[in-house]
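Chemist: Spelled out, the chains give:
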Amino acid sequence: MENEVLLEVQHLSVGFESYNARVEKVFFNAITDLNLTVRKGEIVAIVGSSGSGKSLLAHAVMNILPDNARTGGKMYYKGELLTPEVMNRLRGRQIAFIPQSVAFLDPLMQVGDQVVGTLGEKARALQQKAFEHFGLKQSVAQLYPFQLSGGMARRVLLSTSYVAETEMIIADEPTPGLDLKIAIEALKDFRVQADQGKGVILITHDIDLALHVADKIAIFYDGRVVETADTQTFRGDGQGLKHPYSRALFNALPQNGFNLQRCPKCGATCATWNVDEEGMRCGCGDS
Amino acid sequence: MADMRLRTMEKAGGPFLNHRRKVLLIIIGGIVILAGLCLWGLLMDPSRYAPNYGARLLAPSFAHPFGTDNLGRDMFYRTICGLSTSIQIGLLSALVSSIIALILGSLSAVFGGKLDTVIGFLVDLCMGVPHLILLILISIAVGGGAAGVIIGVAVTHWPSLTRVIRAEVMQVRSAQYVQVARKLGMSNWHIAAKHIVPHVFPQYLVGLILLFPHAILHEAAITFLGYGLPLDTPAVGIILAEAMRHLAGGMWWLAFFPGIALLCMTQLFDVVGDYLKILIDPHSARQ
Amino acid sequence: MNKGLLKYLTTTVLRMVLLLIAATMLSFFLVHNAPMDPVDAFLGEVTVSEEQRAQIAERWGLNKSPAEQYLIWLGNTLRGDMGESRTYHEPVTKVLGERFRASLLLMGTAWILSGVLGVILGIVAGMYKGRWPDRIIKTFSLILASSPVFWIGLLVLMVFAVELQWFPLGLAVPIGKIESEVTWAERLHHLVLPALTLSITGIANIVLHTRQKLIDVLESEYVLFAKARGETLKQLITRHGLRNIALPAVTLQFASISELFGGSVLAERVFSYPGLGSTAVVAGMQADAPLLLGIALFSSLFVFFGNLTANILYGIIDPQIREGGGIDG
Numbered sequence: 001m002e003n004e005v006l007l008e009v010q011h012l013s014v015g016f017e018s019y020n021a022r023v024e025k026v027f028f029n030a031i032t033d034l035n036l037t038v039r040k041g042e043i044v045a046i047v048g049s050s051g052s053g054k055s056l057l058a059h060a061v062m063n064i065l066p067d068n069a070r071t072g073g074k075m076y077y078k079g080e081l082l083t084p085e086v087m088n089r090l091r092g093r094q095i096a097f098i099p100q101s102v103a104f105l106d107p108l109m110q111v112g113d114q115v116v117g118t119l120g121e122k123a124r125a126l127q128q129k130a131f132e133h134f135g136l137k138q139s140v141a142q143l144y145p146f147q148l149s150g151g152m153a154r155r156v157l158l159s160t161s162y163v164a165e166t167e168m169i170i171a172d173e174p175t176p177g178l179d180l181k182i183a184i185e186a187l188k189d190f191r192v193q194a195d196q197g198k199g200v201i202l203i204t205h206d207i208d209l210a211l212h213v214a215d216k217i218a219i220f221y222d223g224r225v226v227e228t229a230d231t232q233t234f235r236g237d238g239q240g241l242k243h244p245y246s247r248a249l250f251n252a253l254p255q256n257g258f259n260l261q262r263c264p265k266c267g268a269t270c271a272t273w274n275v276d277e278e279g280m281r282c283g284c285g286d287s
Numbered sequence: 001m002a003d004m005r006l007r008t009m010e011k012a013g014g015p016f017l018n019h020r021r022k023v024l025l026i027i028i029g030g031i032v033i034l035a036g037l038c039l040w041g042l043l044m045d046p047s048r049y050a051p052n053y054g055a056r057l058l059a060p061s062f063a064h065p066f067g068t069d070n071l072g073r074d075m076f077y078r079t080i081c082g083l084s085t086s087i088q089i090g091l092l093s094a095l096v097s098s099i100i101a102l103i104l105g106s107l108s109a110v111f112g113g114k115l116d117t118v119i120g121f122l123v124d125l126c127m128g129v130p131h132l133i134l135l136i137l138i139s140i141a142v143g144g145g146a147a148g149v150i151i152g153v154a155v156t157h158w159p160s161l162t163r164v165i166r167a168e169v170m171q172v173r174s175a176q177y178v179q180v181a182r183k184l185g186m187s188n189w190h191i192a193a194k195h196i197v198p199h200v201f202p203q204y205l206v207g208l209i210l211l212f213p214h215a216i217l218h219e220a221a222i223t224f225l226g227y228g229l230p231l232d233t234p235a236v237g238i239i240l241a242e243a244m245r246h247l248a249g250g251m252w253w254l255a256f257f258p259g260i261a262l263l264c265m266t267q268l269f270d271v272v273g274d275y276l277k278i279l280i281d282p283h284s285a286r287q
Numbered sequence: 001m002n003k004g005l006l007k008y009l010t011t012t013v014l015r016m017v018l019l020l021i022a023a024t025m026l027s028f029f030l031v032h033n034a035p036m037d038p039v040d041a042f043l044g045e046v047t048v049s050e051e052q053r054a055q056i057a058e059r060w061g062l063n064k065s066p067a068e069q070y071l072i073w074l075g076n077t078l079r080g081d082m083g084e085s086r087t088y089h090e091p092v093t094k095v096l097g098e099r100f101r102a103s104l105l106l107m108g109t110a111w112i113l114s115g116v117l118g119v120i121l122g123i124v125a126g127m128y129k130g131r132w133p134d135r136i137i138k139t140f141s142l143i144l145a146s147s148p149v150f151w152i153g154l155l156v157l158m159v160f161a162v163e164l165q166w167f168p169l170g171l172a173v174p175i176g177k178i179e180s181e182v183t184w185a186e187r188l189h190h191l192v193l194p195a196l197t198l199s200i201t202g203i204a205n206i207v208l209h210t211r212q213k214l215i216d217v218l219e220s221e222y223v224l225f226a227k228a229r230g231e232t233l234k235q236l237i238t239r240h241g242l243r244n245i246a247l248p249a250v251t252l253q254f255a256s257i258s259e260l261f262g263g264s265v266l267a268e269r270v271f272s273y274p275g276l277g278s279t280a281v282v283a284g285m286q287a288d289a290p291l292l293l294g295i296a297l298f299s300s301l302f303v304f305f306g307n308l309t310a311n312i313l314y315g316i317i318d319p320q321i322r323e324g325g326g327i328d329g
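Residue numbers (our numbering), protein chains in the order written: chain A, 1 to 287; chain B, 1 to 287; chain C, 1 to 329.
Only chain A is shown next, with the shape it has when bound in the complex (with noise of 0.2 Å):
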C-alpha cells in the first residue's frame, strides 16, 4: 500500500516575461506542463542538466518566483490546494527549503542567527546540535558568510532545515562543495528523515547521487519531467527506462562504460540531439 501523498504538482508551467533590445515585451517557458507527485517517506530525485530550470520548480512550490514570473497549472499539499496563501503560511513550517549557494544567507547577519531564524530561543539549542551534526565548530555560529568556505556555507544551509523539523523538505543542490565523507552523510540523513514519514525533493545534476538516495527519479529535460521511474528501474542496460533520454543519461555514467548512442548517419552524439515528449533524435534529419 502506498503512503499518503503529501505534494502533488499539475500540469505546472513557469514562464518569465521581460523586455527584449528593442523594449518590447517578450515571454519564455522555463518549466512547461511538468508533474510530479511526492508521498510520505519518500525521496523523489529530480535530475538534470545544470540550467535546465529545475531551481525553479523549488521556487514555485515556495512561491518565491521573481515578479515578472507567470505560473499556471495546480499543486496540492495533502490534497489542499496551494494557493499563495496557503503556501505562505505553509513554507518554513511544513515546507523547508534548502536552497543552492551562500548568497542564500543576509550578508550582515551571523550565520549562527540564520539559522535559527524566527523560530525564537528554543531554536538555538536545535541550531547547536545541528552544527554538532554536520561536524562544524560552535564558533563558527559567530561568523558571517563572507567568512564561510564553500562547504561551511552548505552545511549552514543544511542545518537551516534541521532546525525547522518540517514534514517536507526540497534540497537544491545540497551536496557540491561538499568532501565526500560530509556529503553522504547529509545523504543519509535525507533517508533518515524520509524513513521518519517525511517527504523529500531532492533537486540535482548528478544521477549517480540520486540512484544512491532516492526511491523516484524524475528526469528532467528542458523545462519539463520526460519521465518518472523508481530507482530500480535503473539497472542492467536501462532497458526498463520509457524514455531514450532517461537511457541515454543512465548509460553515460562511468559504471555503465560511459555509453554515448551515435546518430548512425551523422555520428553526433546523443548530448546533442533534439529531446521531446515522444523521444530524441538526432538535428541532422535522421530518425
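Derived from the structure by calculation, the hints contain no laboratory data. Among the hints, a few may not be true.
[Said to hold, decoys possible] Within a straight-line C-alpha distance of at most 35 Å, the following computed DSBU-like cross-link-like pairs (lysine-lysine) qualify:
id, chain 1, residue 1, chain 2, residue 2
1, A, Lys78, C, Lys234
2, C, Lys138, B, Lys22
3, B, Lys277, C, Lys234
4, B, Lys22, C, Lys129
Since the structure of chain A is provided, determine the placement of chains B and C on it from the hints.
Modeler: Chains B and C alone, transformed into the frame defined by chain A:
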C-alpha cells in the same frame, strides 16, 4: 539556457504605439519642446518684456498670464527668455563638463596606476568643497558675469560622470570580445573606434543630458545669490531674487510662475534622460 | 580593534588630510587670482599715497609669491590666526564661530529631519513598490530633487509667513533684541521655516536611495530564502531590510553634507538667516579674502568630517571590513 522558446508579444507589425515607439516619441517630443523654448527666447523681441509703467504689479490675467513686476515688465515673456538663457548656459557648461569627464574618465580607465590615483584624488577634491562655495570662489576669480557662471558650473559638475565613464571603459576593456580582438592583433585605435566608443557613447549621452538639470539649477542658484549674470539679463535666478523683495507685499505670482516654469523644464530634461536610458538599457524598463 | 580596521582607518584619515590641504590650496589660488585688488577693496573710497599702499601690501604679504603667501596663511591658520575680516572688522575666527553656531543649528535640524523622514518614506515606498503609496512618494521625490532650494524657500515663506503669518519672515532672532535676551522658543520659531526648506530639498535623495536599496534587498536571494522559511513582510523588513539599508543610508546622509551646505547658503539667503552661508555671500561680494578663505576652509572641513565619519562608520558597521577576510572554521 538551451533552447528557450522565445516569443515576441508585440511584433514589429503590431500596434502603432508599441513600447519602443512611445519611448522614442517622448524623447523626441521633449527635445523639440526644449529646443523650441531655447529658440523662442533667442528670437524674442525685447520690447515684449520692456518696462511699461502703466501696467505695474498686475496680477496674472489673460493679457499677462504670469502678471507683471514693479516696472510693468511682462513676467511670462521674461520667464521664457530666462529659461532660454538657462538652456544656453546649461548646454554650454554641461558640454564642457562632460568633455572633461570623458577625457579624465577614459584616461583613468585606460592608463590606470598613478594617473588613476591622481584623477580619483581630483574627483574627491572637487566633491569635497561644497559646490556653491566653489562656484562663488570661481566666480570672483574670473571676475563674475556669464563667463564666471559657465566656467564655474563646468568645472564643478564633471566628477560623477567621470566615475561613470571610467567604470564603463574598464568594463568594456575587460570584456571578452575586446580581449579577443586584442589577441587577434587589432590595433588600439581599431579597438577604441570599433568597440569602446560605441559602448561608452550612449552612456556618455545619457550622463550629459542628466547633467543639464544640475547645471541649470546651479546657474539659477548662483545668479540668485548675485554672482552670476548681469542684473538686466532676464534670468530665472535674477527674477526670483527680485521677487523676494516683493514677497511681503503679497506679489506671489512674481516668484510662483517663474519657479514652476524652471521646475517643469528641469523635469523635462530628466524625463528625456531617463527615457534615453531605457532605450539604451531595456532592462531598466522592467518596472 | 584588529589590524584590518586599523589599516583602513589610517589610510582613510591620511587621504582626508591630504584632500583638505589640496582644498585650501585650491581656494587660496582662486581667491588670490581675483582681478579685484584687495587693497582697493579694503580702502574703498579712502585715498592714500603710494607709500601707504605699499605698506599695507607689505603687511599683508601681497608682494610675496603666491606659494609663500599660502604658506604664511597656512602657518597663521594652524596657530589659530586667520586674519581680520575686512567686512566686519573683526577677527575671522570670531566671525566664523558666531555664524557657525547658527548654521550648525539650522543644518543639524534639517539633516536629522531629512534623514529620519527620508528613510521612513523610502521604506514605505519600497514596501509598496509599484502601488499608489510608492507612486506618490516617488513622484514627489523626483519633483523635489529638481526643484531649486531658493524657490521652495520662497514658496514656504509666501504660504507660512506672508499668508498664514504663523512664522516670522526671516532672521534668527526677533529684530532689536539683545542676544542674551532671546529665548529658545523665539530661536525655534525663527528656525522652523529655514530648517523645513533645507530638509525638504535634502530628502529626495535619501528617499529614492532607500527605496531602491530596499527593493534590491527584497529581491535578493537571502530574502527569498527568508521568505521560504516563513518570515512575514514585517519580519523581512526588520530582520534583513533595516540591517542592509542602514549602512548605505547613513553613508549617504553623511556624504550629502556638501549639498546640505550649498543648500544652507541659499536657504539662509532667502530667510536672511545670519549663518555661515549668508556670510559667504557677503564676503564674496566685498572681496573679503581672509573671511572667504576661512569659510572655504571651514566648509571643506565640515564636508571632510562628514565623509570621514561615513567612511569610519562603514568600517565599523560592515563586517567585511571589520572582520577582514579569511576563514577560520
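Chemist: Each hint: holds or not?
Modeler: Hint check results:
no.: 1; hint: Lys78(A) - Lys234(C); in the structure: holds, 28 Å
no.: 2; hint: Lys138(C) - Lys22(B); in the structure: holds, 22 Å
no.: 3; hint: Lys277(B) - Lys234(C); in the structure: holds, 34 Å
no.: 4; hint: Lys22(B) - Lys129(C); in the structure: holds, 23 Å
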